[in-house]
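Engineer: Protein chains in written order, with UniProt numbering: chain H, 1 to 468; chain Z, 1 to 468; chain U, 1 to 468.
You may find that some hints are simply not true.
The list treats identical chains as one, so a pair stands whether inside a single copy or across any two.
Stated by the list, open to error - Lysine to aspartate or glutamate pairs mimicking DMTMM-like chemistry, simulated, CA-CA at most 25 Å apart:
1) K52 - E449
2) K11 - E449
3) K383 - D64
4) K53 - D442
The hints are simulated quantities; they were obtained by calculation from the structure and are not laboratory data.
Keep in mind the model is a prediction, meaning the values are calculated, not measured.
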Amino acid sequence: MERPRHQGMAKNTYMRWRLPLICLLWEVAMIVLFGVFVRFDPEADAHWEEEKKEMNVTSDIENDFYFRYPSFQDVHVMIFVGFGFLMMFLKRYGFGAVGFNFLLAAFGIQWALLMQGWFHSFETGKILIGVENLINADFCVGSVCIAFGAILGKTSPIQLLVMTLFQVTLFAVNEYILLNLLHVKDAGGSMTIHTFGAYFGLTVTRILYRPNLEQSKDKQGSVYHSDLFAMIGTLYLWMYWPSFNSAISEHGDAQHRAAINTYCSLAACVLTTMAFSSMLQKKGKLDMVHIQNATLAGGVAVGTSAEMMLTPYGSLIVGFICGIVSTVGYVYLTPVLESRLHIQDTCGIHNLHGMPGLIGGIVGAVTAAAATEEVYGKEGFIKAFDFTGSYKTRTPSVQGGFQAAGIVVSLVMAFAGGALVGGILKLPIWGDPADETCFEDDIYWEVPEDEESDVYHMHSPGDKPASP
Amino acid sequence: MERPRHQGMAKNTYMRWRLPLICLLWEVAMIVLFGVFVRFDPEADAHWEEEKKEMNVTSDIENDFYFRYPSFQDVHVMIFVGFGFLMMFLKRYGFGAVGFNFLLAAFGIQWALLMQGWFHSFETGKILIGVENLINADFCVGSVCIAFGAILGKTSPIQLLVMTLFQVTLFAVNEYILLNLLHVKDAGGSMTIHTFGAYFGLTVTRILYRPNLEQSKDKQGSVYHSDLFAMIGTLYLWMYWPSFNSAISEHGDAQHRAAINTYCSLAACVLTTMAFSSMLQKKGKLDMVHIQNATLAGGVAVGTSAEMMLTPYGSLIVGFICGIVSTVGYVYLTPVLESRLHIQDTCGIHNLHGMPGLIGGIVGAVTAAAATEEVYGKEGFIKAFDFTGSYKTRTPSVQGGFQAAGIVVSLVMAFAGGALVGGILKLPIWGDPADETCFEDDIYWEVPEDEESDVYHMHSPGDKPASP
Amino acid sequence: MERPRHQGMAKNTYMRWRLPLICLLWEVAMIVLFGVFVRFDPEADAHWEEEKKEMNVTSDIENDFYFRYPSFQDVHVMIFVGFGFLMMFLKRYGFGAVGFNFLLAAFGIQWALLMQGWFHSFETGKILIGVENLINADFCVGSVCIAFGAILGKTSPIQLLVMTLFQVTLFAVNEYILLNLLHVKDAGGSMTIHTFGAYFGLTVTRILYRPNLEQSKDKQGSVYHSDLFAMIGTLYLWMYWPSFNSAISEHGDAQHRAAINTYCSLAACVLTTMAFSSMLQKKGKLDMVHIQNATLAGGVAVGTSAEMMLTPYGSLIVGFICGIVSTVGYVYLTPVLESRLHIQDTCGIHNLHGMPGLIGGIVGAVTAAAATEEVYGKEGFIKAFDFTGSYKTRTPSVQGGFQAAGIVVSLVMAFAGGALVGGILKLPIWGDPADETCFEDDIYWEVPEDEESDVYHMHSPGDKPASP
């Protein structure tokens, strides 16, 4: 059931040649680049049998695979099911939410393996990949999924792929500056993933501002079942966030601690979200938008500090604050951002990733600055902040300063990068939808006829139902 | 679309100040108590580097985190997605099912960390927490999720929080009596989680009996899609139950064995559930209520014995019986409980957790009593039942007796505690819904307009559909 | 709401005595056989404490449980949620998709433990089972789930159980021939699971050909929400496939490598699927059928070679090709198979498992034939292909030949076995549905009234909606 008004559009959303061309060309490029550069890490290479002896490893269980693979799988679920389903709340954009997220993430992880590999795992001309690289690639793509949330429903799949290409590149540069040049700790990515991803996406959506978007306002809401699908995304993000924040921490106590801190922060966040969701409504009812999103802010906000000695009660405090900040953001800030600053943030990523990401960066800086040998132990102190080699003399307060600098760098990269990419995406060649067809699957997807008729023609008597 | 009849209710379901107040106050209390009492376990503390040497641990992989974290994540999914979605079968209570479960579990795990900590991990004035504590907190909350099933749709979120506070407390006391005083084995919680949780919940719902509940009878059923959502809950509970029953067993063979026994029991349970579901219907058709629930009874019923030498065929027998008992319960017992005993059990927890929990306790007692050194090996025998210290001389048959005593204690605690808490929840201050608005999300939730109109006004010609 | 036309059917779909009888009898048989044959593997037995010393194992973490349990749980999710939800795309067959998959898999894993046990773990009269056996049982059942896809909606639960009984048996025989007699490597089952399962299922559906199936054509499509449910299945299969292909590989580098290769292949596959899905449609829109299925072909096609030194770029190439082959298959081949060869393949398993399985077998043969000591290292080479004992002198090219023979054997077994089982299922005693009631849940399931009325009677003015 093609509705005629789409045909008469000024905008050309026809994807038949453009999308396949980009997908195929870029995938061929990936194959060539992987062929030239990517090989297995020693722990994934068949030479491991010999390597083991040299490294004096006595058991296969010492392979990094067993330290990180369970966390990797949890992170993988967060990227594909977590983000994909979280964005399914719109009543007629479920295919786009989960399908485009699938597309951009599948491309993004390949490009991220290369970009991050060149910066971090490049040895004698080759990128050597193991399970930790897979996690980092998923992390990198996470920041693209976040930015996708801001422009959800307003962009073509080609725009999303273009954005992914650039954002992954910029992510890798920013990550290199933070981790390698500033020697900053950010295992759960409050700065590199959330702050960068959110402000990047917000800048892009600002540049793609659509003044007449209210034409598709009726499609910007949810329906009962779309809210339930979105809760699948929410819960998987919430449950697996301890894995996210601990996935690339040092073996042993650091991974253990990061999981506990995240667990605590997220639990507290649920209670303050519920409290403020009810309080800020005249009718006192809970709002699914808040429950789906603000409950996750606690995980974002301990991203930097979870592996540090934040302590369980410190985590509770962070989660407490972030549930409030995020919920208040949804109620008061999002409308203002749109009306005053012309930032149309479909999923409210500013409330879920932007502000909590900044808080996470600050908490990380403060926690690092407050570190003492007494709290960490002599060896634990050095291990936790990697104060070795040329960083042997760095003090906690200096580390705190560098952590703070990391926030600033991430913001600058996000604004500059977002402006650049937004400008590129504004070119009229990418097939984006017209204002009145935003948030609608049937521009880019074959949508089954019957259900569509359920929604659009429920009351038209001439319509034939599926079965007699 | 507020329907006027809600406004005229005698019952005041307005949550705006009550719910936020409780959430915020209790969360502040958690922060204070965590600040005073909760610290990291040595294996999660940055001093671990030094600790390792003292404990003569050679590798980080020996950290308890790697023994238990994958199981923890599975248990976490069971609590939040498993229970949350299982209860989503009601046609108009999906938000409440998953959302209130989220709220009570998020609060409950914090309170459980404290309560269980005081009883089990309290050292020199501090509660030291690690991954095993997180699992135990999730377990404790599991018993609250079970009880929630009995009162699903008939209570306010405040009542659920109050119940959680008391039930977690009583759970910890009961657990202490069983594990520490009676020296009973119950790794998968047939007694502590299922029997206690179910009979506690049934007592509460008995006291909250609503004689006129048939006023909302049309909302007590499912619709096609709500049954599919519920199957997500069912399957995650079913698939991850081997992790549940093995999560806190001893390292090595005990964890391994517990997973295998549970896998076997659950598989058998599916077949007898299907058999009896078809057999007990005149039309011979399968009933989703049975498939969603009774298929899980096999996991409940090996909760105590899974880590023992129950053997795979023993597990099949237990699963076989429980699929039958549970399905027969749904068909014959649940209606009688309501009409004769005035126990309105929304989810049928008596069939899924009550009777199978009792069976599980008994199977555990018998399996323990039948243990021999020949079957377990000399060392394995002592390790399996922890017959050390003051329990060095305990014999299997005595252990069996104590296991049986554990069932009785759990039941007494459940009835007494349920009566107390039911009485508290009956106070007219908690904002519970009127009989005719039970099982309906829009009392406590902002429900999207369009979908609501789909259901309530599908045929009213004046209604405007979402799109032209 | 029983519609009268079902009653007048020539076909008797009444399950009341037949289904329970089979379920109960077979489950009793399982209990007896388990009682006679099945015991715990030493690593799951309480004697492990003593065993450890004999085996010189220093730590419990060396128990195979910790090497494989996380992968096992992922595989378990793929079988029950992955396949179950993937098949939920039909508008009125959600209960059957997830419920019958649940039934056949629960029975199948028990029978597979026995069948595979007799062939592979039979020692001194007993089958000793551990976590690896659980994975293998799930794998075996995976091939039945695949075959189920071809006959989805057209068979009774009894037929499915009968098919499971035979297919598991034949699977175990085929697996024994390949792994033990031909000494073939196939850790991810491109041949044993996918090729065998697909061509077995296609043969069965060919024999059960229904010339008048277009009578239920209106029910063969999807609706909006059923497509979203199916995406849950797709994503869990996609995300956890690295666990599937690595689950039973050798400890250490082989597991590590298998996960990486699968990750890469699947990522590439998504891009070419999207490309061809758009390209092959005149309107250039993406088709959910392709996204739900063809994106997974990359995982199938590295099933044999993932644990070998396929390398990341080799994996990308395989994924690239399979996304194309699979999508083209859905567009052009499936209709031809039905019209010319009378193969009615409901889920298109030929495109998802058949062709990619064959490609996987070939890629495995080529990769094995191309193996050198330089690439694998001296010890790694022997370990990777298990060139020990009587296979000490086998060369890579000979191994490649045997791998190719494995494909042929799997195909022959599939065609012969499928013909046999198809013939048995054609007997008029199993209660299969009439042509016009295929793809409809309410033949075998109690379907909630209201939703049914939503779909069938949406416009009948006399119908009473659920609520006023």
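Engineer: Which of the numbered hints are not met once you compare them with the structure shown?
Structural biologist: 1, 4
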